[in-house]
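Work out the full structure: start from the sequences and follow the hints.
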Amino acid sequence: MWLNQRTVDAIRIMAALAEAAPAIVKAGRLAEITAITPLNVQKTANILAQVGLVEAARGPYGGMRLARPAQSISVGEIARAFEPKDCPANFLAASEVDARISKLIFSAHRAFFRSLEATTLADLAGTGLLDAMAEPPLLTSSG
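For any residue, its number in this note's numbering is found by taking its place in the sequence shown, counting from 1, and adding 11.
Rather than coming from a laboratory, the hints here were simulated on the basis of the structure.
Computed beta-carbon distance windows for the label pairs:
id	residue 1	residue 2	range
1	Pro80	Glu107	46 to 54 Å
2	Val108	Ser83	40 to 48 Å
3	Asp134	Ala60	16 to 24 Å
4	Arg125	Gln61	23 to 31 Å
5	Asn15	Pro49	13 to 21 Å
6	Asp109	Thr130	26 to 34 Å
Owing to the predicted nature of the structure, the values given are computational and were not obtained by experimental measurement.
The C-beta atom is built at its ideal place from N, Cα and C for all residues, glycine as well.
See below:
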């Protein structure tokens with residue numbers, strides 16, 4: 012099983028916001044930290060806001076932050092916002108063998124998402140992203 016790139020980007024953005032919580036983080040800063048293009052950060056953040064996972068505001072004082080505590084947001088909840096809702100095996104049904112294959116794939120799909128549901132953003136926090144989010148030091152001239 013795998014996740015599409017937008018889902019992985021969303022998990023990375025949410026992990027960065029969890030590390031910065033409760034601070035508001037600008038989209039441009041998230042792009043720098045996560046190495047996701049600013050446009051993709053914006054697109055992904057819009058979906059995250061629509062499903063109620065982040066609070067976002069535009070403008071010079073805008074940015075985003077988690078809508079709930081990190082321990083109450085599962086990686087599975089994030090993935091469900093971006094992944095297809097149906098099991099990828101639902102097209103198989105032509106024969107008894109197809110039905111068994113479909114059942115096997117469906118079972119694997121459910122197990123995969125159960126593992127994502129069992130992991131929270133708090134579990135992902137503490138990976139060093141917070142240090143990367145610190146503002147760079149001001150350059151001073153000595154001498």
